[in-house]
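Trainee: Residues per chain, in single letters:
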Amino acid sequence: MSMDNLFIKDGYVYRINLLDANDEQLMEISKTMGLALNLQEMKKIKDYFSRKGRNPSDLELEALAQSWSEHCCYKSSKYYLRQYVYNIAKDRIVAREDAGVLEFDNEHYYVVALESHNHPSAIEPYGGAATGIGGILRDVLCMGAQPIALIDPLFFGSLDTRYEELPKGVKHPRYLFKRVVEGIRDYGNRVGIPTVAGQVYFHESYTGNCLVNVGCIGIVKKDKLAHSRVKKPGDVYIYAGGKTGRDGIHGVTFASEELREESEEKSITAVQLGDPITKEPLIHACLECNEKGLVEGMKDMGGGGLSCVCSEIAYEGGYGAEVYLDKVPLRETDMEPWEIWVSESQERMLLVVKEENLEEVLRIFEKWDVEAVPIGKVIEEPFIKVYYKGQLVGELDLLFQIGAVEYAREWKKPEIKEKEDVEFEMPDLQEALMKILSSPNVCSREWVIRQYDFEVRGATVLKPLHGDIGMQSHSDAAVIKPLEESWKGIAVTADINPYYTSLNPYWGTCAAVDEACRNLAATGARVDAFVDCLNFGNPEKPERMGEFVESMKALHDMASVLNIPFASGNVSFYNESMAGSVAPTPTIMAVGIVEDVRKCATINFKEEGNPIYIIGETKKEMGGSEYYQYLGISAGIVPRSDAHLLKESIEKVVRAIENGVIISCHDISNGGLGVALAEMVIAGKGAEVCLYSLPDLRTDFKIFSESNTRWVAEVKKEKEEEFKQIFDGLKIYRIGYVKGDGLIIYDGDEMNKYVDLDKEELYQAWNSKLWEEMG
Amino acid sequence: MQRDEIKVAVLQMEGTNCEYESYLAFKQLGVRPEFIHLKEFEKGKKDVFSYQCIFLPGGFSAGDYVRAGAIFAARLKANLFKQLKKFVEDGYVMAGVCNGFQVLIELGFLPALNGISEEPEACLATNDSNRFECRQTLIKHEKSKCKLTKNIPDGKICLIPSAHMEGKLVFKDEEYAAEVNEKQVVFRYVDINGNLAGYPWNPNGSYANIAGICNNEGNVLGMMPHPERAFHKWQNIGWDGNDGRGIFEGIIKYIEEKW
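Chains as they are written, first to last, in my numbering: chain A, 1 to 775; chain B, 776 to 1034.
I should point out that these hints are in silico values taken from the structure, not numbers from a laboratory.
It is possible that some hints are incorrect.
Claimed, not checked - Okay, derived cross-link-like pairs now, DSSO-like style, lysine-lysine, Cα gap no bigger than 27 Å in a straight line:
| id | chain 1 | residue 1 | chain 2 | residue 2 |
| --- | --- | --- | --- | --- |
| 1 | B | Lys821 | B | Lys802 |
| 2 | A | Lys599 | B | Lys1008 |
| 3 | B | Lys1033 | A | Lys292 |
| 4 | B | Lys1008 | A | Lys717 |
| 5 | B | Lys1033 | A | Lys224 |
| 6 | B | Lys861 | A | Lys243 |
| 7 | B | Lys860 | A | Lys719 |
| 8 | A | Lys367 | B | Lys802 |
| 9 | A | Lys367 | B | Lys857 |
| 10 | A | Lys385 | A | Lys292 |
| 11 | A | Lys716 | A | Lys759 |
| 12 | B | Lys802 | A | Lys488 |
| 13 | A | Lys488 | A | Lys619 |
| 14 | A | Lys292 | B | Lys820 |
| 15 | B | Lys1033 | B | Lys918 |
| 16 | A | Lys292 | B | Lys802 |
| 17 | A | Lys292 | B | Lys857 |
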């Protein structure tokens, strides 16, 4: 039988002759149609239709491919997620749907979501990043919540990559970086939600496959929380927002394969086009309908388009649905039914409303000039039935479509690449500090941050850049005050260090959790929830899967001691290209609660004469450190973490900030103490310190060790005793005082001066790198 | 007028996005702000003259894809020009921040050196840096004809954040520029010592460091920096930065005293 005989025209669709196809032909069908389904899955579909006694339509096969994609159903990760992270402190999670929901105060919930938009951004960085923002906003919106902040962790190859080193079909990191930032800027700024936090990391493993993670936080009154599920048969499906076009077809199946040389040509249509100016009123209209109690259920049309949304929202409510595809507003009139069904065009929401509220809902959308039309209804039987101009073009059991696939994939313990530490002579530390300050992963992100409107909505208390105007430095976390009538704040940060995870996935992941908690504590926020975006390579390769499992174990071990839940998350596999897999990148976004935003601590040194302390133990853990990268040494272990110690330490740091004992605080991470002190000086007054009191370590390790669970704190002079009481039982070291306007570091019996730099020198070293690179 | 009788229309269309915090600023000062969608004025569902102030908030009206504020202004011009002209001539207040300022310029309501103009006589051009920039800026209140900032001492330096791509004020010719510069400048970007200074203190390269201007009668005000982002001290921790509050208070005081 030839391939042609496998496709038979039937009215508005093609029937695919699955029942007569052999294994080879099944795979040929999967490939030709771009379904990204494997043989086992194709056979499962064949069995299903054999039982039904008929062949599937193209629309049905496409629908299954969407729902069974890694992206939509987490078939490779669910098993491990359940085992390691879903159960931690789960009683605090109010809902875990498209976004996670937790309590903010007696009357409000906050809503968090974090997603990857990696493959689209690698192919078309501007559109890919912009629609990433669009999608995450809708995930928060469909819980009925007002989005209040955006967070963007980004990962690229080295900016120094030579063009001739780039694998074929791969875009230069500089171009990707520039266009991703522009995409986030143009979408986020226009839609009017502040981009307040994130990170930018350069590491060679991202050269072939950059990572673009996007997070969002929202706030909702408890009685207005919406759910992504239908309530009862007879309710109407309303399609609202932008028209459906051919963009974004096969977005999720494309995200569930490795990137290839020809990916751009083949998959450019898989990237959606964003339109923030449709989105902005869409947000208003959806929230107004929800506020007036007119919404029974709401879901964002993201991955898999109408197909996934219409099915999942019915399935979650325990019913089915009928959809009339010819009612869907189209941008291109000649679209095939299956194209309409799976298109991932942006700026679309599905609302479920009672028949009697239909008119009122449509009126609200009209006021906002947003298109809204009824396209279907909820039915009793658990089927999805799709009609096009009177023809039944698809009918699937929802249990089969949605609940059918899950794998406990084989995995192999990954190779630990840490090596025994080496002996070497201590270099000039002042020069080392200057070089590290200007290194790609330490230097100022001002070039990025200023392009984002980080204070639209007027509620950003702690901005991503802080300190004296004209010479500002990075904040550890951003703090938002979401409610007019309350002093309570939400703090947010995102962290992961791929240099650590590529050496040791387990401890690297622990370090990310540790750093996220430290960042929050440094502002005076108590960690309240984690959200993870797990970016890994191909899960069908056991060693990649092993990295994933190690990382899961680390999340489990840290979070269960801290008793902090994972509110929601996202898994992105297949982040591999011709150049290999990305470093294990479990991005950790942590959300914290600040009791009173007026008490937040900032990083800039403030009052001459105040003592400066290091909180926590400095150890020789140099693996993956900025210092060893500077020296070109690949040895040493990545910093270990003790969750019990972390828990105790963060509570004390927060208490000391709340009591006004610590007035400036900065966590110690990349580049160690030297960089932390420099950043605090850049944003404020100077410091003179002597490291003599630290335990026995060579001076360079004292300055550049990246050991976890450490902070630099400026303590109010009059409250030094109270500080010591609070930290009783923990290691604290007074190293000097706020003084002058430069940074001076001494060490040793003879008080040797190792660093003596004025503020301007520090600032130039730290601030100019990205500006020079990016212009 | 009593404060609680004063009604402020916070005007919005798709893409305006600073309406919420602007609304809150007015509300917290005890007046009665309302969100008004442009369509409600266009269709006559709401009457322009039932308000004492029309406030044009920041954002990216209609995406600013043509030119900042151009589409918003075109819609106002097509449907509401006569009413708004009378509104201003009767002494009522129009104030625009950021994109709202761009709209007032496009509409010819600012600088309006010789009265409201049919064609724009100035332009908020792309920043010298050629990119969107979000940063805290310092602006000095100048002695001017503005009736809406009488409460702010002349020479006072205010910390008000800026965030825009098109904020560089330029005029149709040098003579015109000189005259506006002399009479109608309300705020100028300055450095920490209060002196006119270049980038980044002047974030966009604006002519003579102009950050905000009024019309000849002093009842229309436009400025690029966002006073609603410096309304509370907590919005600019470390600076006690609530200098923006004075701008909203000034508008309200003017209305209270005039009627």
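Trainee: All hints, please: hold or fail.
Mentor: Here's how the hints hold up against the structure:
At most 27 Å may separate the alpha-carbon atoms for a hinted pair to count; Lys821/B and Lys802/B meet this at roughly 20 Å. Between Lys599/A and Lys1008/B the CA atoms are separated by roughly 12 Å; this keeps the pair inside 27 Å, and the hint holds. Our distance criterion of 27 Å between C-alpha atoms is broken by Lys1033/B and Lys292/A, whose separation comes to about 39 Å. A distance of roughly 25 Å separates the Cα atoms of Lys1008/B and Lys717/A; the hinted pair therefore holds under the 27 Å criterion.
With a CA separation close to 43 Å, the supplied pair Lys1033/B and Lys224/A exceeds the 27 Å bound. Distance hint between Lys861/B and Lys243/A is unfulfilled; the C-alpha atoms sit about 40 Å from each other, more than 27 Å. A C-alpha spacing of about 61 Å is found between Lys860/B and Lys719/A, which places the hinted pair above 27 Å, so the restraint is violated. At most 27 Å may separate the alpha-carbon atoms for a hinted pair to count; Lys367/A and Lys802/B meet this at roughly 24 Å.
Taking the CA atoms of Lys367/A and Lys857/B, the gap is near 24 Å; set against the 27 Å cutoff, the hint holds. In summary, the hint linking Lys385/A to Lys292/A is not supported, as the alpha carbons are separated by about 30 Å, beyond the 27 Å threshold. In summary, the hint linking Lys716/A to Lys759/A is supported, as the alpha carbons are separated by about 22 Å, within the 27 Å threshold. At roughly 20 Å between alpha-carbon atoms, Lys802/B and Lys488/A fall within 27 Å of each other, so this suggested pair holds.
Proposed proximity of Lys488/A and Lys619/A is contradicted: the alpha carbons are some 36 Å apart, above 27 Å. For the hint linking Lys292/A to Lys820/B, the alpha-carbon distance of about 21 Å falls within 27 Å, and the restraint holds. Proposed proximity of Lys1033/B and Lys918/B is supported: the alpha carbons are some 20 Å apart, at most 27 Å. Our distance criterion of 27 Å between C-alpha atoms is met by Lys292/A and Lys802/B, whose separation comes to about 22 Å.
As the CA atoms of Lys292/A and Lys857/B are separated by approximately 36 Å, the hinted pair breaks the 27 Å bound.
Checked against the numbered hints given earlier, this structure breaks hints 3, 5, 6, 7, 10, 13 and 17; the rest are met.
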